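Colleague: The listed protein sequences correspond, in order, to chains A and B.
First residue of the first sequence? That's 450 in our numbering, and the numbers climb one at a time after it.
First residue of the second sequence? That's 450 in our numbering, and the numbers climb one at a time after it.
Read the hints as simulated data drawn from the structure, not as lab findings.
Please note: incorrect hints may appear among the correct ones.
For identical chains, the list gives no copy identity; a pair is met inside one copy or between any two copies.
No farther apart than 27 Å at their CA atoms in a straight line, the calculated lysine-lysine pairs in the BS3-like style are these [unchecked claim]: (1) K508 <-> K599; (2) K555 <-> K534; (3) K583 <-> K816; (4) K508 <-> K597.
Note that the structure is a prediction, hence the values are computed from the model and not measured.
Number of protein chains: 2
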Amino acid sequence: MKKPPLTEIVIIGSELTSGDVVDINGGWLAARLSTLGTRVEKITIVGDREWAIEDAIDKALKSINIDYIIVSGGLGSTSDDVTTKAAAKVTGTRLVISDELLDHIKSTMAARGKEMHPSQERQSLIPQRAKLLKNSIGTACGYILHHKGKVLIFLPGVPGEMRKMVDEVLIPELSEELAAKAPSSKFFHTFGLPETRIEELISEPLKGFEELDISYLPSSEGVTVKILSRGDESERIIEESVRMIREKLGDNIFNEDRRDMEETVGNLLNMKKKSVSVAESCTGGAIGKKLTNVPGSSSYFSLGVVTYSNEAKTKILGVQPSIIEEHGAVSSQVAAAMAQGIRRIGRTDYGLAVTGIAGPDGGSPEKPVGTVYIAISSEEGTRFKGLRFGGDRNDIRERTSQAALDILRRELIS
Amino acid sequence: MKKPPLTEIVIIGSELTSGDVVDINGGWLAARLSTLGTRVEKITIVGDREWAIEDAIDKALKSINIDYIIVSGGLGSTSDDVTTKAAAKVTGTRLVISDELLDHIKSTMAARGKEMHPSQERQSLIPQRAKLLKNSIGTACGYILHHKGKVLIFLPGVPGEMRKMVDEVLIPELSEELAAKAPSSKFFHTFGLPETRIEELISEPLKGFEELDISYLPSSEGVTVKILSRGDESERIIEESVRMIREKLGDNIFNEDRRDMEETVGNLLNMKKKSVSVAESCTGGAIGKKLTNVPGSSSYFSLGVVTYSNEAKTKILGVQPSIIEEHGAVSSQVAAAMAQGIRRIGRTDYGLAVTGIAGPDGGSPEKPVGTVYIAISSEEGTRFKGLRFGGDRNDIRERTSQAALDILRRELIS
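Given these sequences and hints, build the entire structure.
Modeller: Take a look at the structure:
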C-alpha cells in the first residue's frame, strides 16, 4: 500500500488562540486535502506573533514525514500580518517585491473605486522563487514555496477568500501531482445503534480487508461510519465492504451521502407524497426548525406547534386534562394524544409529537431528566416510544429531535 | 506588567484531522482559559494515534514557557482511545486502576439501567498520582498530573461533558492558583449596529487608553465588543472604558455577561412578569427553540406555532385570507395579523410573529430572498418592522430569529 502524502496545517490568528473566534479553516482545509488524497497529520493554531509563526513552520519543516505544509492567515496589510516575514526567515529566503502582486493589489482596489493604501505596498513582498496564488476576491494573495523537499503553501485567513483560492487556484495546481494518490472512501450515516454495537456488528466481517480504515463518528445526530482504502485494490475493497455494511446495519443507515436526517426524511415525504405536522414540548421548536432547514420543505410541512404549558396542550391540541392529570404531561399517553391532535388540526398524513424532561430541573426518580416520549399518528393508528437520554439540556433536546425524525423515517420506509 | 501563565491546548481526534468534524473544543477551551488569566500560545490537533499524541504532549512539555498543558479527547472506552497510554509513556508514569473511577463508571452505567461493559474496565486506568476530575454526565473522567514543573490536564472530548467538567470541577480546582493573574476584561454583546458603526462610535473616545485592547467579533447573533487590559492600572482603565462604551452604544448593548439574546429576553420577561407566544413562518421554529433553550422558560413561554402554509396561518392564527391575497404571505400586514392571532390564542402579554423569504427560492424583484417582516402585538397595539438580510438560507433564518428577539427585548425595556 502506497503511503499517502502527509500534510500539516498551520493556522494563524490571535483571535483564535484567545478563543474569541473558533477556527473553521483548519477543519475545512483538512476535509479538502483528504479528498485530494493527502492525510492531515496535525493542525496547529498559533497567534499573530512572528516567533510563534516561525516556530510552528520550523517544527513542521523538521517533521520528517511531512510532505505538504499549508499555512493560512497573516497575509493581510496590517501590522499584525507577519506570516511572510516569518516564512522568509525560517526558509532563509529573501523577500522581493512581486510586480504581479503589486498590479493585482492596485487593480483590486481600483475595482472597489479606491487607491492603494501605502501600507499595502508591504503586501506585495513575497519570498524569492515563490509561485503566486491569485486571490480573485481580495488583495491578499497566497504563494507556493519549495524548500528542502517539502511544499509550503501560504493562504490568506479570511475563510471566503481562502476557500475560493483553494478551489480555484490551488487544487488545479496540485491535482496532477496528487491525482494518482486519491483514496476511495464511503460514508454511512446511521441512527438507532450505539457506536459499540455498530463496531461489534461490522468489525469482524471486515477484518479480512487489511487495507481498510474504518472510523466511527458519534454525535447527537447519530453515528457516522467512514471507510477508506488507498491501495491498488481500493475500489474493489470499498465495493465489497459497502455490501457487507449495508447488510449488517440495514435500516439503521439513514443516508450514505448526506449527514442531515431532515433531508432524508424530506426526500421520503416528497417521494411518497406524504405530509407531516409536529407538536413539540421539551424540544421547543427544534423539530420544526430541522424540518424547515430543507429548502422546499413547505411541500410536506405545514404546521408545527410548541405547546409548552398543559393549558396549550389542552386548548390547542385537544389533549384531555384527565390524561395529563392521571399520567403526567411527560407520558406516552400525552405524547400519543398530542400526535393525534396535531395530525387532526394540521390535516396531514402524519402527526409527530414529543414530550419530555430536558432539565436541568423537573426530573423525578421514576422520570429522571432525559426521559422522553415520542409518538407518531397516522391513519393506521398511533405508536409511541419511551427513551432516556444522557447529557445536558442541549444534548437531550438535540437527541430527542433527531430520534423523532428517525421514527418518522422508519414509518415512511416500513 | 506581570507575565500571564502560558497554556498549550492539545486536541485529539482523527475525525478532526480528517476534516470530517470541525473542532469546537479548542476555541471553547481557549476562551475559558483566557478569562482565567492564562494566555493560550498554541492549539494543536492530532489524530487518535498513540505516537502522534505522545509527540504532541512531548513537544508541549519541552516548550520552555508553557505552564499548563490541556489535553482533550481519547479518554473513552473504545480501542482508539489511547490518550492515557500516551500520557503515561511520555511522563514515565505507571498506569493504575482507580477504584474511585471504576465505581464512577459502574454507578453511571447503573443510573442508565445498564451493566458496565468489559471494555470499560480499561477506562478506569489512570496515571499514578493523577488527581481525578469527575464527569457528572458520562463515564469518561479527566485528571490532573504534575510533571517537571508543568500542570497537565486531561479532559474528555465529548463537548458537553468536557465543558461541564471544566466549569464544575476544573475551574474551582485551578482558580485559587490563577486568581491573582487574571487580566481585567469586559464584553459588550450588541445587536442593531454594524461593526464599522460601532468602531466609529467608540474607537475615538477610547484612544486615550494605551494599555487597552479592543476587539470586535461579529456573528449572526450581533457584534460583541471585547476590551481587555493587563497593566497595574487595568481596573481603572476598564472601569472608565465601560462607562464610555455604555454611553455611546446605549440600548444596542443587550448584555454584558452572556452572549445569548434569549437569556436577556427571558430575564426581562421574568422580571416584568410578562409572557410571550410566538408565530413563525420562515424561521420554522427557530425562535421557539431559542426561547426554550433557557431552563425555566416555561414561566413566560407557553405556546409557539409554525404556520408554514397559508391555510395554517388562516386556520390556526385567524389571519384573514383576504389580507394574504392582497398583500402576500410575506408582508407587514400578515406579520401583524399573525402576531395578534398568536397573542389571542396563547393568551399572553406579547405576541411575536415573523414571515419572510429564507430562500434559496421564492424571491421576487420587490421582495427578494432575505426579505422579512417582524411584528409584535401587546395590549398597547401592534408594531412591525421590515428587514432585508444577506447570506444563505441558514444565515437569514438565524438573523431573523435574533432580530425578532431583539424587537421583543426593546419592547420590554421601552
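Colleague: Among all the numbered hints in the text so far, which are the ones the structure does not match?
Modeller: none
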